[in-house]
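Please model the entire structure based on the sequences and the hints provided.
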Amino acid sequence: MIAPHALSPLREAIAQRRPLILDGAMGTMIQSYHLSEADYRGTADGCSRTFPELPGQQTGNNDLLCLTRPDIIADIHRRYLEAGADIITTNTFNAQRISLADYGCEHLVRDINLAAVRIARESCAQATRLPDAMRQTAGPFVVGSVGPTNKSLSMSPDINDPALRAITFNDLAEAYTEQMTALIEGGVDALLLETCFDTLNAKAALYAAEEAMCRTGRRCPVMLSATVSDRAGRLLSGQTLEAFFISVSHAPLLSIGLNCSFGAEEMLPHIRTLRKLVNAHNLRARVPIYISAHPNAGLPNQLGQYDETPELMASHVSPFLEEGLVDIIGGCCGTTDEHIKAIKELTLTRLSSEEENNAIAPKLCASHPTSRGGGSFSGLEPLTLTPEVAFINVGERCNVAGSRKFLRLIKEKNYEEAVEIARKQVEDGALVLDINLDDGLLDTQAEMCHFLNLLAAEPDICRVPFMVDSSRWDVIRAALGCIQGKCIVNSISLKEGEAVFLEHAREIHRMGAAVIVMAFDEEGQASTFERRIAVCERAYHLLTEQADFPAEDIIFDPNILAIATGMPEHDRYALDFIRATAWIKEHLPGAHVSGGVSNLSFSFRGNNYLREAMHAVFLYHARKAGMGMAIVNPATSVTYADIPADQLEVIEDAILARRDDACERLIEDTILARPQGTLDSSRTSPDREGDAGSQFSGNSEALPLTGKQGEGLHSIASRLISALRRGITDTLEADLAEALNEYPSPIAIIEGPLMEGMNLVGKLFGEGKMFLPQVVKTARTMKRAVEILQPAITAASHSDETDKGTKRPKILVATVKGDVHDIGKNIVATVMACNGYEVIDLGVMVPAETIVEKTLKLKPDVIGLSGLITPSLEEMVHTVHLLDEAGISIPVMIGGATTSALHTALKIAPVYHGPVLHVCDASQNAPLAAPFLNPATQAEAQDALAKEQAALRAQAEDKRHTDLTTFEEAREQKPKYF
Numbered sequence: 001m002i003a004p005h006a007l008s009p010l011r012e013a014i015a016q017r018r019p020l021i022l023d024g025a026m027g028t029m030i031q032s033y034h035l036s037e038a039d040y041r042g043t044a045d046g047c048s049r050t051f052p053e054l055p056g057q058q059t060g061n062n063d064l065l066c067l068t069r070p071d072i073i074a075d076i077h078r079r080y081l082e083a084g085a086d087i088i089t090t091n092t093f094n095a096q097r098i099s100l101a102d103y104g105c106e107h108l109v110r111d112i113n114l115a116a117v118r119i120a121r122e123s124c125a126q127a128t129r130l131p132d133a134m135r136q137t138a139g140p141f142v143v144g145s146v147g148p149t150n151k152s153l154s155m156s157p158d159i160n161d162p163a164l165r166a167i168t169f170n171d172l173a174e175a176y177t178e179q180m181t182a183l184i185e186g187g188v189d190a191l192l193l194e195t196c197f198d199t200l201n202a203k204a205a206l207y208a209a210e211e212a213m214c215r216t217g218r219r220c221p222v223m224l225s226a227t228v229s230d231r232a233g234r235l236l237s238g239q240t241l242e243a244f245f246i247s248v249s250h251a252p253l254l255s256i257g258l259n260c261s262f263g264a265e266e267m268l269p270h271i272r273t274l275r276k277l278v279n280a281h282n283l284r285a286r287v288p289i290y291i292s293a294h295p296n297a298g299l300p301n302q303l304g305q306y307d308e309t310p311e312l313m314a315s316h317v318s319p320f321l322e323e324g325l326v327d328i329i330g331g332c333c334g335t336t337d338e339h340i341k342a343i344k345e346l347t348l349t350r351l352s353s354e355e356e357n358n359a360i361a362p363k364l365c366a367s368h369p370t371s372r373g374g375g376s377f378s379g380l381e382p383l384t385l386t387p388e389v390a391f392i393n394v395g396e397r398c399n400v401a402g403s404r405k406f407l408r409l410i411k412e413k414n415y416e417e418a419v420e421i422a423r424k425q426v427e428d429g430a431l432v433l434d435i436n437l438d439d440g441l442l443d444t445q446a447e448m449c450h451f452l453n454l455l456a457a458e459p460d461i462c463r464v465p466f467m468v469d470s471s472r473w474d475v476i477r478a479a480l481g482c483i484q485g486k487c488i489v490n491s492i493s494l495k496e497g498e499a500v501f502l503e504h505a506r507e508i509h510r511m512g513a514a515v516i517v518m519a520f521d522e523e524g525q526a527s528t529f530e531r532r533i534a535v536c537e538r539a540y541h542l543l544t545e546q547a548d549f550p551a552e553d554i555i556f557d558p559n560i561l562a563i564a565t566g567m568p569e570h571d572r573y574a575l576d577f578i579r580a581t582a583w584i585k586e587h588l589p590g591a592h593v594s595g596g597v598s599n600l601s602f603s604f605r606g607n608n609y610l611r612e613a614m615h616a617v618f619l620y621h622a623r624k625a626g627m628g629m630a631i632v633n634p635a636t637s638v639t640y641a642d643i644p645a646d647q648l649e650v651i652e653d654a655i656l657a658r659r660d661d662a663c664e665r666l667i668e669d670t671i672l673a674r675p676q677g678t679l680d681s682s683r684t685s686p687d688r689e690g691d692a693g694s695q696f697s698g699n700s701e702a703l704p705l706t707g708k709q710g711e712g713l714h715s716i717a718s719r720l721i722s723a724l725r726r727g728i729t730d731t732l733e734a735d736l737a738e739a740l741n742e743y744p745s746p747i748a749i750i751e752g753p754l755m756e757g758m759n760l761v762g763k764l765f766g767e768g769k770m771f772l773p774q775v776v777k778t779a780r781t782m783k784r785a786v787e788i789l790q791p792a793i794t795a796a797s798h799s800d801e802t803d804k805g806t807k808r809p810k811i812l813v814a815t816v817k818g819d820v821h822d823i824g825k826n827i828v829a830t831v832m833a834c835n836g837y838e839v840i841d842l843g844v845m846v847p848a849e850t851i852v853e854k855t856l857k858l859k860p861d862v863i864g865l866s867g868l869i870t871p872s873l874e875e876m877v878h879t880v881h882l883l884d885e886a887g888i889s890i891p892v893m894i895g896g897a898t899t900s901a902l903h904t905a906l907k908i909a910p911v912y913h914g915p916v917l918h919v920c921d922a923s924q925n926a927p928l929a930a931p932f933l934n935p936a937t938q939a940e941a942q943d944a945l946a947k948e949q950a951a952l953r954a955q956a957e958d959k960r961h962t963d964l965t966t967f968e969e970a971r972e973q974k975p976k977y978f
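Just so you know, we're using our numbering here: the sequence shown kicks off at 1 and counts up by one.
If you are wondering where the hints come from, they were derived from the structure by calculation, not from laboratory data. Don't take every hint at face value.
Across the chosen pairs, the derived CB separations fall in these ranges [said to hold, decoys possible]:
1) K276 - E874: 40 to 50 angstroms
2) Q16 - T216: 23 to 33 angstroms
3) P791 - I667: 51 to 61 angstroms
4) K959 - D45: 40 to 50 angstroms
5) L283 - R472: 31 to 41 angstroms
Built from N, CA and C at the ideal position, the CB exists for glycine as well.
Printed below as a string of structure tokens:
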């Protein structure tokens with residue numbers, strides 16, 4: 001593992017409790033030097049190395065400057081050091097082969113990273129001595145910057161294939177390992193994995209960090225920093241901050257934090273949330289985790305620029321220090337050495353409150369118990385064993401060995417219905433989903449990964465943690481590379497001996513999962529009380545003492561075995577499990593107990609009432625003994641309180657072995673005839689063999705419906721809007737068939753309730769009440785609706801050849817030249833495809849000339865231009881200007897983090913004769929484009945847009961002419977109070 005207890009100079013410096021200062025943005029500073037293509041390629045005067053052979057454009061490939069213009073990078077480091085930075089980051093944010101491949105530079109990974117560390121180290125050595133008050137007590141330190149890449153392991157790049165991934169976990173981890181190996185060999189003091197937008201990417205980076213340390217033979221602290229995508233505090237991949245923290249808590253981090261996305265003012269509530277999580281963790285941890293923050297210089301203005309002054313940013317950072325929220329503070333996008341200097345000066349004024357900060361901040365503890373608290377797991381949302389959630393019911397029906405229906409659906413590739421089985425369990429209250437695809441006629445590994453990827457596209461399902469259930473190690477390992485949350489592995493055992501057991505356990509922990517350990521060893525399955533506790537005790541000590549496996553991530557399954565089989569030696573199986581559970585909870589601190597409850601009643605297959613009654617009684621007693629988890633059917637209807645007293649006595653006698661003839665009485669008793677009305681047979685699947693469990697209520701939090709449940713959804717429009725918002729397709733065919741009778745045309749349905757639903761989704765997304773995976777799911781529902789309507793659209797088209805509104809619109813999308821970011825563009829493509837558009841995706845780094853050429857050739861109805869970085873704004877102006885010169889006037893939509901309505905109105909719209917629309921978020925693309933493509937509304941829409949943009953330009957002009965007072969005049973006019 002990554003040396004969890006090793007002290008480092010950087011950790012010791014943080015422990016001194018004066019917040020350390022991280023440097024600011026590298027990209028912002030590089031832009032201020034106005035470098036040319038020749039500078040990037042190294043063909044300009046004064047360059048160190050030349051790369052004339054590299055393909056395409058290199059402008060924007062900032063990492064390459066470590067080789068071609070090291071003097072510029074060194075100068076930036078110098079400026080930050082002189083501003084008071086204690087920590088500087090290497091210029092390697094994109095210096096792994098995945099990102100560098102966009103520039104044809106993947107062969108330079110090692111050279112760039114080694115050069116970057118050397119430049120940073122030399123800059124520290126040569127840094128100008130600062131005044132005593134500004135001088136670091138230790139350091140300065142060099143941390144290796146590792147960015148997230150532009151690929152996602154949790155999200156599909158193709159709307160038509162939600163299970164597709166642009167890259168695999170292993171490939172991403174290997175790319176990270178290559179980069180981090182060079183950074184560690186170069187001599188960084190720590191690795192900074194920053195701007196994490198996808199937790200599974202972060203887990204791959206953490207996995208790679210350990211691998212790089214093993215390859216180099218040198219341990220190195222790891223800092224992790226995520227970026228939230230909305231004001232609700234979720235990552236782009238959908239996880240809450242708490243779920244993210246749980247998912248990465250297996251790694252012995254030096255620090256965890258947030259960067260980018262927001263300015264300090266907007267980041268503050270999320271840092272407070274993170275501080276609470278870290279404080280709770282540090283109360284139990286052997287070594288503390290510290291907190292970092294490097295926010296942007298505010299939010300981009302309407303021109304895509306960061307204009308928060310150093311003084312204003314420092315004032316927004318002040319609460320971070322006053323409340324003791326951070327241990328490392330710096331800057332991200334838009335920050336310069338002046339911002340860092342202002343923050344440094346702010347920290348110096350806070351020295352008087354150091355004692356208070358020490359009281360809040362975590363302390364390095366000499367020793368802690370092995371257990372670090374209750375078990376925590378995560379999907380998109382957290383799940384923790386607490387007094388309020390003392391028992392976790394695990395849905396059992398996504399199991400090909402236990403459900404004939406599920407097996408049939410997987411064999412038939414009917415994944416849509418298979419996914420619905422998972423959804424139904426979550427709706428019925430399952431807090432975890434068990435997934436087992438072990439079958440001799442299936443490609444188990446491929447099916448497991450495919451199904452997990454499909455579930456990842458369903459936010460109402462993947463909000464709960466998953467349990468990966470397989471007897472094959474290769475399947476377990478592959479599945480762990482598909483899950484961004486903290487899942488549970490079911491299971492490992494000592495069957496193959498200690499060496500294999502420990503190897504598998506260590507890998508499971510490296511992948512960030514908890515584990516179920518079966519009471520099974522080299523001698524076979526443990527069935528007596530004595531054997532069960534002996535095997536579990538041995539496994540516990542191996543895991544905690546040799547594998548450094550956290551006790552709270554160990555879940556024992558002491559084997560729930562069938563009773564009342566007619567064999568007397570089986571009669572004590574249930575009682576021995578309950579006794580073993582109590583012993584484990586008393587003697588193996590922190591560990592949990594689980595089991596597959598349906599095994600208990602295997603002898604009574606076909607009698608669902610008796611089986612469910614037995615399960616309810618067993619769980620009642622097992623939970624009292626300390627059982628915290630069970631694999632059950634969450635839809636079962638029999639509870640302990642439902643069972644008549646005479647029947648309860650017979651069942652309890654058998655389960656607790658209270659009579660020698662208890663099991664015989666159970667077999668012979670008239671309970672075999674199910675009492676009338678005690679079981680809702682509609683909730684028991686005929687395809688299910690061995691439904692099990694007890695009745696539990698879920699904690700699902702659905703989006704509010706339009707109107708009241710059962711009332712406001714009578715109108716067809718309301719039902720369609722509700723289906724879109726919730727991403728539900730079950731009733732679409734019936735509802736759309738009804739809508740075709742009420743609306744004049746299928747196009748009217750699309751332009752009416754369906755577009756209204758999409759508008760509502762956009763509103764909720766903007767308010768932080770929906771998050772990206774939900775928006776994508778909604779878009780898929782829209783796509784399905786359009787597919788259902790397509791025959792009617794075609795028929796309408798044939799009956800009226802002049803109806804041009806029935807043709808399928810076409811959109812061309814591209815990320816402009818100089819920008820390699822494609823996630824935003826991909827989301828737009830997904831949403832537009834779901835809205836019935838034919839999507840032409842030109843990719844990233846697309847030259848303006850190519851966009852013009854493809855537009856003339858392919859004749860799209862609308863163009864979408866995307867850009868994330870500030871230089872993209874000028875490239876968009878250039879692209880639209882060339883489109884205009886080519887005589888093109890179709891609508892152009894502008895989107896991306898740095899774009900704005902004002903910049904579009906001031907800079908882009910004036911160079912184009914057609915409409916240029918700014919789009920705030922992907923969900924709004926289709927509704928905004930629709931009126932510009934409809935001949936009936938086109939003129940009105942263009943006129944309204946022109947007036948809106950003219951008003952924006954007028955407002956900007958008014959502000960430009962506002963009389964300003966000089967600093968000297970303001971000083972002269974200051975109020976005189978004395």
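Does the Cβ pair P791, I667 satisfy 51 to 61 angstroms?
-> 58 angstroms, holds
Given the hint of 31 to 41 angstroms, check if L283 and R472 actually sit that far apart at their C-beta atoms.
-> Holds, at about 39 angstroms.
Starting from the range 23 to 33 angstroms, see whether the pair Q16 and T216 falls in it by beta-carbon distance.
-> Distance hint for Q16, T216 holds at roughly 28 angstroms.
Look at the Cβ atoms of K959 and D45 and judge whether their distance stays inside 40 to 50 angstroms.
-> 41 angstroms, holds
Status of the given 40 to 50 angstroms range, CB of E874 versus CB of K276 | 43 angstroms, holds
In summary, the structure agrees with every hint in the numbered list given earlier.
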